[in-house]
Amino acid sequence: MAEPAPPPAAELALRRRLPPRLPRRPGDVYVNMQTDFKAQLSRCQKLLGPGGGCAEICIHGLGLAINRAINIALQLQAGGAGALQLHAHTSTVPLADGLEPRGDEDGRPPLARARNNSAIHIRVCRAAAPP
Amino acid sequence: MSNAREKKRAKKMRNQPASVTLSSDCGPCHSGIQHHNGGSRSFQTPKQDLHPDSSQEFQQQRHQHQSPGPSYRKEQYFSKGQNRVERGRGRGGWRGGRQNVSQEMPKYVTASTFAQARAAEINAMLKAVTQKSSNSLVFQTLPRHMRRRAMSHNIKRLPRRLREIARKEAEKAVHQKKEHSKNKCRKARRRHVNLVVEFNRRQKKNIWLETHIWHAKRFHMVKKWGYCLGDRPTTKSYRACYRAMTKHCLLQDLSYYCCLELNGKEEELLKVLARMCSIDTGPTFAAVPCLSGRLQGSLVLYRVDRYPEDFLGPITFIWKPKAGSGITSETRQLWIWTHPSLKQDILTELKTVFQCSEPVETCSPEPIVTLLQEEKQTDVAMIVGKKRKREDNEGEKALPVKKIIGDGTRVPLQSYCWTSQTTGVVISDLTMEILRYRLIGPLSHCVLTEVLKTASIHTEMADGETELNNWWVENCKNSEKVSLHQRQEAIFELLQGISSPSEIAAGTILGLTVGDPRVNLPKKRSKAMPNPEKYQDNEKVRQLLLEGVPVECAHSFIWDQTICKNVTENKISEQDLNHMRGELLVPGSQLDLGPCESKIPILLVQQPGKVAGEDRPGWGSGWDIYLPKGWGMAFWIPFVYRGARVGGLQEGLKHSEYKRTPYVPNDFPDCPAGIQFAKELENILLEKFKRRPPAKRANYVKLGTLAPFLCPWGQLTRDWEVRNKALEESVVTSSADSKSCATERQVPCEPKPGLIIEDSQGDMMEEMTEIQNLCKEDGAATSSGFFVLRNRKLLKQLSASCRPTCGKGQRVRPASKLGQKEMTEDALLPIFKCYPRVLVWVSLSLLRKGSPELHAMICIPTQEDFLQLNKDQLFCGPKEPKHSDTFKHKILKLKERKKKKNNGKALESGASDALEAKAVEEPKELILGLWPDPLPDVTSHCSRILLGFVTQGDFSLAAGCGEALGFVNLTGLLHMLSSQPADKKGLVLLRTPASLQYRFARLNIEV
Chain Y
1 MAEPAPPPAA
11 ELALRRRLPP
21 RLPRRPGDVY
31 VNMQTDFKAQ
41 LSRCQKLLGP
51 GGGCAEICIH
61 GLGLAINRAI
71 NIALQLQAGG
81 AGALQLHAHT
91 STVPLADGLE
101 PRGDEDGRPP
111 LARARNNSAI
121 HIRVCRAAAP
131 P
Chain A
10001 MSNAREKKRA
10011 KKMRNQPASV
10021 TLSSDCGPCH
10031 SGIQHHNGGS
10041 RSFQTPKQDL
10051 HPDSSQEFQQ
10061 QRHQHQSPGP
10071 SYRKEQYFSK
10081 GQNRVERGRG
10091 RGGWRGGRQN
10101 VSQEMPKYVT
10111 ASTFAQARAA
10121 EINAMLKAVT
10131 QKSSNSLVFQ
10141 TLPRHMRRRA
10151 MSHNIKRLPR
10161 RLREIARKEA
10171 EKAVHQKKEH
10181 SKNKCRKARR
10191 RHVNLVVEFN
10201 RRQKKNIWLE
10211 THIWHAKRFH
10221 MVKKWGYCLG
10231 DRPTTKSYRA
10241 CYRAMTKHCL
10251 LQDLSYYCCL
10261 ELNGKEEELL
10271 KVLARMCSID
10281 TGPTFAAVPC
10291 LSGRLQGSLV
10301 LYRVDRYPED
10311 FLGPITFIWK
10321 PKAGSGITSE
10331 TRQLWIWTHP
10341 SLKQDILTEL
10351 KTVFQCSEPV
10361 ETCSPEPIVT
10371 LLQEEKQTDV
10381 AMIVGKKRKR
10391 EDNEGEKALP
10401 VKKIIGDGTR
10411 VPLQSYCWTS
10421 QTTGVVISDL
10431 TMEILRYRLI
10441 GPLSHCVLTE
10451 VLKTASIHTE
10461 MADGETELNN
10471 WWVENCKNSE
10481 KVSLHQRQEA
10491 IFELLQGISS
10501 PSEIAAGTIL
10511 GLTVGDPRVN
10521 LPKKRSKAMP
10531 NPEKYQDNEK
10541 VRQLLLEGVP
10551 VECAHSFIWD
10561 QTICKNVTEN
10571 KISEQDLNHM
10581 RGELLVPGSQ
10591 LDLGPCESKI
10601 PILLVQQPGK
10611 VAGEDRPGWG
10621 SGWDIYLPKG
10631 WGMAFWIPFV
10641 YRGARVGGLQ
10651 EGLKHSEYKR
10661 TPYVPNDFPD
10671 CPAGIQFAKE
10681 LENILLEKFK
10691 RRPPAKRANY
10701 VKLGTLAPFL
10711 CPWGQLTRDW
10721 EVRNKALEES
10731 VVTSSADSKS
10741 CATERQVPCE
10751 PKPGLIIEDS
10761 QGDMMEEMTE
10771 IQNLCKEDGA
10781 ATSSGFFVLR
10791 NRKLLKQLSA
10801 SCRPTCGKGQ
10811 RVRPASKLGQ
10821 KEMTEDALLP
10831 IFKCYPRVLV
10841 WVSLSLLRKG
10851 SPELHAMICI
10861 PTQEDFLQLN
10871 KDQLFCGPKE
10881 PKHSDTFKHK
10891 ILKLKERKKK
10901 KNNGKALESG
10911 ASDALEAKAV
10921 EEPKELILGL
10931 WPDPLPDVTS
10941 HCSRILLGFV
10951 TQGDFSLAAG
10961 CGEALGFVNL
10971 TGLLHMLSSQ
10981 PADKKGLVLL
10991 RTPASLQYRF
11001 ARLNIEV
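Residue numbers (the working numbering), protein chains in the order written: chain Y, 1 to 131; chain A, 10001 to 11007.
Hints should not be assumed to be uniformly reliable.
[Said to hold, decoys possible] Taking lysine-lysine and the BS3-like style, the derived pairs with C-alpha atoms no more than 25 Å apart in a straight line are:
# : chain 1 : residue 1 : chain 2 : residue 2
1 : A       : K10540    : A       : K10481
2 : A       : K10702    : A       : K10893
3 : Y       : K46       : A       : K10247
4 : A       : K10247    : Y       : K38
5 : Y       : K38       : A       : K10849
[Unchecked claim] Label-pair ranges, simulated between beta-carbon atoms:
#  : chain 1 : residue 1 : chain 2 : residue 2 : range
6  : A       : E10728    : Y       : K38       : 44 to 54 Å
7  : Y       : G51       : A       : R10190    : 47 to 57 Å
8  : A       : R10848    : Y       : Q45       : 25 to 35 Å
9  : Y       : H87       : A       : S10526    : 28 to 38 Å
10 : Y       : Q45       : A       : A10240    : 27 to 37 Å
Calculated from the structure, these hints are not laboratory results.
Just so it is clear, CB atoms sit at the ideal spot from N, CA and C, and this is done for glycine as well.
Chain Y extracted, bound-state conformation:
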């Protein structure tokens, strides 16, 4: 998107807001970079495993976490002995960064600035019964 004129320096502080997200189903896993990789992987395994209650799960990764989301999905598949299928979709997520004025200057600054980021959504489901 076309950058508007850069805001007058030193008067604005940029605060990242949360990305928009859909209401969560039980099978939705949002991958982040704070949680341990192993913990996230095991969460997915638990969901897919017996008693997890999910026939299929959806792994969402945004920005930096895309790599990790892919990694988790591949690890799942490798550990699933061919019983799992992956369907990956990519998308673009519109983000908003809040701009916070630091003074009282009348610049009529916008409240937020739009930004886009890439995201991946991987659907992991059990494959049809092997022949």
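On the provided structure of chain Y, position chain A as indicated by the hints.
Chain A in isolation, oriented as in the chain Y frame:
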């Protein structure tokens, strides 16, 4: 025998009959008779003392009276005790007895005297048995296996032989019980009229919120700041409330917050208010988005022209949106919301600044007056006649009015509205006029949208009623206003498609007019869940997120006091509503009131959650809802029925702790309310400490904790100042100074790309001059105490310099930031010289184990500690060597002296004067385990140098480790940072007051 033993015996013998000892005349004879009657035993044991028979007699009696049951035990006990005494007494005369007895063995005994003597003894014993000496009730003395449930309630559950005694005891207890309103039976007391009278009486001293009764049934209530507030739920819900904050929705009643309204010309207001705050601390009243009425602002207030010293407190403010556009000189309305503990200070300051001294008479609304009259009458009746009479009086009159109108909030005769002759500014105190609820959590959108239904448009008046909704009908006749209402409604509907309030701009204001929320109350408590259908990739939602709510949509009728009054007075009562529900043709179907339905103007204000810091952005965000008074419960129950969990003050504290924001008034040590709070807290903790037996107390002197119950900020800053001076003298200062200045001049020229927040050279220069100004100011007023650094720019620089530059877990920061950091290192040096007595708000998170507590000490780690940490990754932290308690000896000595004095006093009363003189000499009572008042140098008392104290600390459920918030001294912080290695920057040691173990923690300054 020692004194204590004697006393003990005396106590035991208190209830024993005194006549047990034998008369002397039968003394010599009884042994003889035993010889005759009792058989050969005394012969076999010639060593027996003078009264061997008496003990034996007891034994016999015991066998005779053998009966099961506890009362017997008591008997035994007494007889034993008596026995022992007898024996003891006998032992004294034993030696003599032995010599004499064998020689003076009587030849005969008179049966009648002997029997008399025994009878007297038996009588005495029986008397002793019937009298009980302990304080316990009868059923309490029963052995455990004979106890039954509800014994105290029903005598018949006791063994029969004890019933008589128990009955007597029960009668006694009935007499002792306080008699409460004997002339009223429960039914009378619970009658609505009397109940309301009672409620009104009980809330005279501490004001009740509208949700008080609801809270009182479910919460531990505390009396604070002149209100009765729910502290925490009585159910176990610590974790559940946390989950509600993070995942669902937590509801809080913040109606105790105070609203001050300022009315006047915009220029006038801004001109004066600008003197009470500083642009350094963030946007002020004049910030453009706030001034237009789009956003709620928050700032910190100082006394006029006293920045940065005389701190008043943090506030939030809302400007009423402009009616017309572009005219700056029109009168504006400004709401300032404060915490009740800060209100008086801020109000008096505002009044003096605006020269508002004249109370406005017309402001006092009528219902208060009528109610007051009524109250007066009832009071008079109470004084004159009996209670019964008063009741009659009331029966004739109308029912007492329920006090929902916020009457009790202020002293009735005192005015709450002031105006100024010169400027025409009107200040009014709207406390309790407007209710405020807070919803925290991502599902607050769902709860809000399910509870609130926007008002339907009516152009015709409801028949019969004259007052109800007439403002709304008037409004609906104007097509412009109708379209505005529809736009507001559309925006409100959009909220359903946004999953978290933190996605919206901080402080967004949305005005709304809603229908009665009681009408569509669900039958059962249910949980509002998001509806995926509403989440379409909507262009409108995106626009809302980017541009926020348009200015005109922030308009609400809640600003108009006459409308608010109308709405409050014309509320349909719960009873009427239920009656109408009962008359529905299909039971349980939706009630449709049509034009009769009340329309309530409300204001929705977004509360930003966690804004500072890197992790968990937007945590704990939510909406505040402002309502006109009287409608509290009507909105409260629907919220609760939609699955909002209710929290009290404790939950509010946790919320701010996890958000890492200071909590009012605990974390504002430099404002009057904060000082007051610290004092109260110290008293409470000290009382608690003193209640423990001295042997079970923590000895804080030995633990090296100088001030376990309060944070001596004044002394801490003073000690650091002294320390700093000493350091400076040792180092040659002049060259260092010039060098730092030089680097500072160069550094701002470095390019810092990729950053929005930059300090251009001009800014830097500005800062320097400002610092110099501050220096001057400080020079003028060094005698005054410390203050807290709230300058955003300086805090930002400090925060950058606290971060480790290289480390294992640390992500690589952009080079530009590094560059900035380098600059600040040197730039900061001159700053701290200008701020000798400054505290900085910091957050600490522990690296490993440990959960910090209130008043934990923040200390500087030494080089050896870092070496240890490098060597052993699991190293918890160093330990403080045990200190010696020099005061223990003194206290003991004092005690002994006192005792002696007391004894002496008992002997001769003349010595009392000298004792008093001595007491005067003692400056303060020494308490075992606490350091007496003039503390030594707090910074260097322990093995690690003290930096500051923790004001909030706990295991953080949000972060998953121990976290603490507190203040450190700026001088000390800079001193520490300058000496730490790059990868260990910002590491400090934490030690709780009752422990010797230090723990490593990372220090962060979040701006």
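* With 27 to 37 Å as the target window, see if Q45(Y) and A10240(A) comply at their CB atoms. => holds, 28 Å
* Asked: Lying within 47 to 57 Å: is that true of the beta-carbon distance G51(Y) to R10190(A)?
  -> With a Cβ separation near 53 Å, G51(Y) and R10190(A) satisfy 47 to 57 Å, so the hint holds.
* If you check the beta carbons of R10848(A) and Q45(Y), does the distance land in 25 to 35 Å? -> This hint holds: roughly 29 Å between Cβ atoms.
* Are the Cα positions of K10702(A) and K10893(A) separated by 25 Å at most? -> holds, 19 Å
* Asked: If you draw a straight line from the CA of K10247(A) to the CA of K38(Y), is it 25 Å or shorter?
  -> holds, 23 Å
* Asked: Taken at face value, is the distance from the CA of K10481(A) to the CA of K10540(A) at most 25 Å?
  -> holds, 22 Å
* **K38(Y) and E10728(A) - C-beta distance against the hinted 44 to 54 Å** => At 52 Å between Cβs, range holds.
* To do: Mind checking the alpha carbons of K46(Y) and K10247(A) for me, to see if they're no more than 25 Å apart?
  => Holds: K46(Y) and K10247(A) sit about 21 Å apart, inside 25 Å.
* Are the Cα atoms of K38(Y) and K10849(A) separated by 25 Å or less? -> Holds: K38(Y) and K10849(A) sit about 22 Å apart, inside 25 Å.
* To do: Take the C-beta atom of H87(Y) and the C-beta atom of S10526(A), compute their distance, and say whether it sits inside 28 to 38 Å.
  => Since H87(Y) and S10526(A) have Cβ atoms about 35 Å apart, the given range 28 to 38 Å holds.
Hint compliance for this structure: every hint is met.
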